[in-house]
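Given the sequences, and given the hints that come with them, work out the whole structure.
2 protein chains.
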Amino acid sequence: MQQPAASSPAPVDFEVEPEHYRHWSVAYDGAIARVTMAVDPEGGLREGYELKLNSYDLGVDIELADIVRRMRFEHPEVRVVVLRSGIDRVFCAGANINMLGQSTHAWKVNFCKFTNETRCELEEATGASQQAYVAACNGTTAGGGYELALACEEIYLQDDGNSAVSLPEVPLLGVLPGTGGLTRLVDKRKVRRDRADVFSTTAEGIRGKKAKQWRLVDDVFPRSKFDEKVAVRATALVQRYSKDLPAGERKGVELTALAPEVEGNDRRYRHVALEVDQTARTASLTITGPTADDVAILRRGGEAAQQAGAELWALRAYRELDDALLHLRVNNPTVGLVLVRAKGDAQTVLDHDAALVAARDHWFVREVLLHMGRVLRRMDNTSRSFFALGDRGTAFAGNLLELALAADRFYLLDDSSAPVHVGLGELNEGALPMAHGLTRLQTRLYGEQDTLDGLVGNRALLEPSAADDAGLVTVLLDDIDWDDDVRIAIEERVSLSPDALTGMEQNLRFAGPETPESKIYARLSAWQNWIFIRPNATGPEGALTLYGRPERPSFDWQRV
Amino acid sequence: MQQPAASSPAPVDFEVEPEHYRHWSVAYDGAIARVTMAVDPEGGLREGYELKLNSYDLGVDIELADIVRRMRFEHPEVRVVVLRSGIDRVFCAGANINMLGQSTHAWKVNFCKFTNETRCELEEATGASQQAYVAACNGTTAGGGYELALACEEIYLQDDGNSAVSLPEVPLLGVLPGTGGLTRLVDKRKVRRDRADVFSTTAEGIRGKKAKQWRLVDDVFPRSKFDEKVAVRATALVQRYSKDLPAGERKGVELTALAPEVEGNDRRYRHVALEVDQTARTASLTITGPTADDVAILRRGGEAAQQAGAELWALRAYRELDDALLHLRVNNPTVGLVLVRAKGDAQTVLDHDAALVAARDHWFVREVLLHMGRVLRRMDNTSRSFFALGDRGTAFAGNLLELALAADRFYLLDDSSAPVHVGLGELNEGALPMAHGLTRLQTRLYGEQDTLDGLVGNRALLEPSAADDAGLVTVLLDDIDWDDDVRIAIEERVSLSPDALTGMEQNLRFAGPETPESKIYARLSAWQNWIFIRPNATGPEGALTLYGRPERPSFDWQRV
Numbered sequence: 001m002q003q004p005a006a007s008s009p010a011p012v013d014f015e016v017e018p019e020h021y022r023h024w025s026v027a028y029d030g031a032i033a034r035v036t037m038a039v040d041p042e043g044g045l046r047e048g049y050e051l052k053l054n055s056y057d058l059g060v061d062i063e064l065a066d067i068v069r070r071m072r073f074e075h076p077e078v079r080v081v082v083l084r085s086g087i088d089r090v091f092c093a094g095a096n097i098n099m100l101g102q103s104t105h106a107w108k109v110n111f112c113k114f115t116n117e118t119r120c121e122l123e124e125a126t127g128a129s130q131q132a133y134v135a136a137c138n139g140t141t142a143g144g145g146y147e148l149a150l151a152c153e154e155i156y157l158q159d160d161g162n163s164a165v166s167l168p169e170v171p172l173l174g175v176l177p178g179t180g181g182l183t184r185l186v187d188k189r190k191v192r193r194d195r196a197d198v199f200s201t202t203a204e205g206i207r208g209k210k211a212k213q214w215r216l217v218d219d220v221f222p223r224s225k226f227d228e229k230v231a232v233r234a235t236a237l238v239q240r241y242s243k244d245l246p247a248g249e250r251k252g253v254e255l256t257a258l259a260p261e262v263e264g265n266d267r268r269y270r271h272v273a274l275e276v277d278q279t280a281r282t283a284s285l286t287i288t289g290p291t292a293d294d295v296a297i298l299r300r301g302g303e304a305a306q307q308a309g310a311e312l313w314a315l316r317a318y319r320e321l322d323d324a325l326l327h328l329r330v331n332n333p334t335v336g337l338v339l340v341r342a343k344g345d346a347q348t349v350l351d352h353d354a355a356l357v358a359a360r361d362h363w364f365v366r367e368v369l370l371h372m373g374r375v376l377r378r379m380d381n382t383s384r385s386f387f388a389l390g391d392r393g394t395a396f397a398g399n400l401l402e403l404a405l406a407a408d409r410f411y412l413l414d415d416s417s418a419p420v421h422v423g424l425g426e427l428n429e430g431a432l433p434m435a436h437g438l439t440r441l442q443t444r445l446y447g448e449q450d451t452l453d454g455l456v457g458n459r460a461l462l463e464p465s466a467a468d469d470a471g472l473v474t475v476l477l478d479d480i481d482w483d484d485d486v487r488i489a490i491e492e493r494v495s496l497s498p499d500a501l502t503g504m505e506q507n508l509r510f511a512g513p514e515t516p517e518s519k520i521y522a523r524l525s526a527w528q529n530w531i532f533i534r535p536n537a538t539g540p541e542g543a544l545t546l547y548g549r550p551e552r553p554s555f556d557w558q559r560v
Numbered sequence: 001m002q003q004p005a006a007s008s009p010a011p012v013d014f015e016v017e018p019e020h021y022r023h024w025s026v027a028y029d030g031a032i033a034r035v036t037m038a039v040d041p042e043g044g045l046r047e048g049y050e051l052k053l054n055s056y057d058l059g060v061d062i063e064l065a066d067i068v069r070r071m072r073f074e075h076p077e078v079r080v081v082v083l084r085s086g087i088d089r090v091f092c093a094g095a096n097i098n099m100l101g102q103s104t105h106a107w108k109v110n111f112c113k114f115t116n117e118t119r120c121e122l123e124e125a126t127g128a129s130q131q132a133y134v135a136a137c138n139g140t141t142a143g144g145g146y147e148l149a150l151a152c153e154e155i156y157l158q159d160d161g162n163s164a165v166s167l168p169e170v171p172l173l174g175v176l177p178g179t180g181g182l183t184r185l186v187d188k189r190k191v192r193r194d195r196a197d198v199f200s201t202t203a204e205g206i207r208g209k210k211a212k213q214w215r216l217v218d219d220v221f222p223r224s225k226f227d228e229k230v231a232v233r234a235t236a237l238v239q240r241y242s243k244d245l246p247a248g249e250r251k252g253v254e255l256t257a258l259a260p261e262v263e264g265n266d267r268r269y270r271h272v273a274l275e276v277d278q279t280a281r282t283a284s285l286t287i288t289g290p291t292a293d294d295v296a297i298l299r300r301g302g303e304a305a306q307q308a309g310a311e312l313w314a315l316r317a318y319r320e321l322d323d324a325l326l327h328l329r330v331n332n333p334t335v336g337l338v339l340v341r342a343k344g345d346a347q348t349v350l351d352h353d354a355a356l357v358a359a360r361d362h363w364f365v366r367e368v369l370l371h372m373g374r375v376l377r378r379m380d381n382t383s384r385s386f387f388a389l390g391d392r393g394t395a396f397a398g399n400l401l402e403l404a405l406a407a408d409r410f411y412l413l414d415d416s417s418a419p420v421h422v423g424l425g426e427l428n429e430g431a432l433p434m435a436h437g438l439t440r441l442q443t444r445l446y447g448e449q450d451t452l453d454g455l456v457g458n459r460a461l462l463e464p465s466a467a468d469d470a471g472l473v474t475v476l477l478d479d480i481d482w483d484d485d486v487r488i489a490i491e492e493r494v495s496l497s498p499d500a501l502t503g504m505e506q507n508l509r510f511a512g513p514e515t516p517e518s519k520i521y522a523r524l525s526a527w528q529n530w531i532f533i534r535p536n537a538t539g540p541e542g543a544l545t546l547y548g549r550p551e552r553p554s555f556d557w558q559r560v
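Just so you know, the protein sequences line up as chains A and B, in that order.
Numbering follows the numbering used here, with no gaps: position 2 of the first sequence is 2.
Numbering follows the numbering used here, with no gaps: position 49 of the second sequence is 49.
Since the hints were made in silico from the structure, they are not lab data.
Some clues are possibly wrong.
One copy or two, it doesn't matter: identical chains are merged, so the pair holds either way.
[What the hints assert, rightly or not] The calculated lysine-lysine pairs, modelled on DSBU-like cross-linking and capped at a C-alpha distance of 35 angstroms, are:
no.	residue 1	residue 2
1	Lys251	Lys343
2	Lys343	Lys210
3	Lys343	Lys190
4	Lys225	Lys209
Quick caveat: nothing in here was measured; it's all calculated off a predicted structure.
Following this line, the structure appears as structure tokens:
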């Protein structure tokens, strides 16, 4: 696989339409959806590998992410999603090894991050949207295949004397099961750590009753009764996940194509614009806030919001932001710094957020809020520096203030002739949590409980100096200093080692507690990134490099 | 620096006597101790670098660790330890860059791990032993120098227009402040994350009032009044840390030399034996439990324990274990698997632990328990596979059961003719926590609350099958299978990629919550390890490689 830079065949497109799925099909049957994985071996995103045995690459996972997202918006009647394979005796063989072997380090890491995000989305659908995912492992479930199952609420395995669940990455490839596998084993399924050790070093995996006894799966069913038993279980789960559903007619809202204007690396959406300066290695990311009309729609309530559907500002703007972030990550790997601006009127944003929160009993509004949270978490986990720039014409308030709080720094103009307002709304106080469970405001003011207490519930717009006093601003600059100081800060940032910045930002962005989700991105992914560049894995004689070839890997035995 | 393997000049010795310190001096003045760092530039542990400006290498940190440990045992009257520099206008310049640049990856990582452990010991002394460390930064405090200060309870900086605190690793070296710096900035001192971002990318650092305002230091004092102000503060802290002190005459207990018999790589201590098989890449680590006489001493109470002093089993055996683990880590880098055995009588171990806990109101006994906890956490953080082997003649009970629970697997012989007892005591239930705050028993049974509840408080010895039923045993084997099954497991383990095992074990050993301490070893150190092998840091044109030379580093700008 070539590195997806300017010279590579085509930028990766993260927008996909169900009628163009190559690897998945979905059957809807009332409250139950059946998602079938049948990966087209010839359908790889890049040349040079075959996607045999339901192994996957980024293209396969882009379709899965699309299914999970559409399920929530377009099929709100669904309570249980059964994931199964369309290939006999194989559920999923995990990430394609040849693809990994041929990929650059940056590609591998970005691929793993996206697949991790998709699996976290799938868990959030189960927990927050009452759409429970069930893995029906009707065959061999290996590596990333088992990690996909681990992200489901329940796992059922066919008991046919052959089908096993396994994490063969350590013994066969010399890398980690890096898509959440190790974390979910001990933290989510609470498999005993010593058994997890045995399991994760046993290439052939574990099957039958022992798999159940070790909590690796929830149950095993004979092949002849597998579909029937899974169907019974799915029906039972429909009952459980139908309790206390949010209000509103469960008529789906279609996620229409965003269809941005594309010009080179730039992308202009309706509310979001991404402009890339490859020479300066910076990008400008501008989001335009809601209008009074957008507020008026929300004030009419959840049904009106649902009627607006994919055109609703909060949904469309954040879908655009999500697409821009992904485009930035995968198609613009050398852009090191993103300059974030929020255009609009601060009071209107706060009015918008208040109206959105007032309608949150409605299922669609709730989904919109959950989606906003996911996009912001994608930003938190994007390994680029972000500077929020509050210059003339920008307004960081409410949900748009989250962008400034997610950024590594927030520069704000202190110009009394053109005040730039900052303000807090309900959406800064709980609805859009970071992966480690705190709000961005709590994280920012982790050491200033008094300041935090004074801010929470305060809905007055803050003048720049008041925002600075409240600890929201990194650097307050007057009109005379703005241009030079911001320019110098940008130049300095892009001159630093991109690796050191990635590591530094990962450590500074997440003060406080950790959750299984944040542990996946910090502890597990950091070790996986390390192992991916060790010669024992990816050197000429490394295990990942030589997999499938007759040669045996040769290890440097030094423990580090 | 050469890699400390068989061919290298001499194995590193972690035992040191105060009269042989080259880099530090300690002055005792009642409840206050003054520790002065004046690193001998010619005193590096290896050839090829000069330790200028109070920069340090492993040898310097071994002396500091010795000071911190002896302070607790030999100087229990001390309540406040003031760390200062003996060099004018320089507090500490951090880890020596030339040393890092010349070191192998494994050496760098082991060096950082040991320095991290020393800083965590220093924090534990403050929190648990009422010996508060105060950093008196009487000059430039850079990189690892500031990280050392961050590990102190309070930081005071000289305000002389020049002395600054700084973390210049990212801007100057392209690596992270990996000795806890980033974590302690946002998690311990709760510096705002955006300010931490500015600070960690500003090579010259921050001084004066701004350093105080940003919470980087607790106060700044003019040069002319610095010593006086620090002394006043130290005296005030003596009061605070003298409350509710544990009982017992505060007469120090000398930590006498362990002086093991050394034969090649093997080390025989009184209670611990380490035998290394370089060909098999395994080591056998055997600890012999306490005797009835050891129990009898403890039953006479804390004063009797203090009289036994460094000869007390619980202190001596764990000091030996600590030394063996360090010897293993640094001097035997290719040993991948450690076979842990605990010899002795299970009931005697439980009696011992009960007597130790009964005497814990005494300061010395409390220190012995804290020390045992630190050694076990060193084992948790040792990147080698551990298999506990419960064969004939071994007994894993009480504090020795912690070794089996710290191990990645526990093989137990089920032979009714020679029963091997397993048993729980008080020390399994809280006194020896892991870095992430849980006990090893809670971690092992993270998913089995009922089993855990049934075990806690149960003091009956468990037959092998009962121990297995209780979730304590990984593999129960009868006499017929033992030899073959254990041999095969060992052979399989040592055949796997050492890097993949390190990453896997780091993820499986710490189910559940994270603490600032565990975040340092997981999130921060993992990213640092990654960055240490990136070409942008350590390649021929990397920033760490070229530091101090006229050439500018050349970066691959791809963000990962």
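Any hints from earlier that this structure breaks? Give me their numbers in increasing order, please. none
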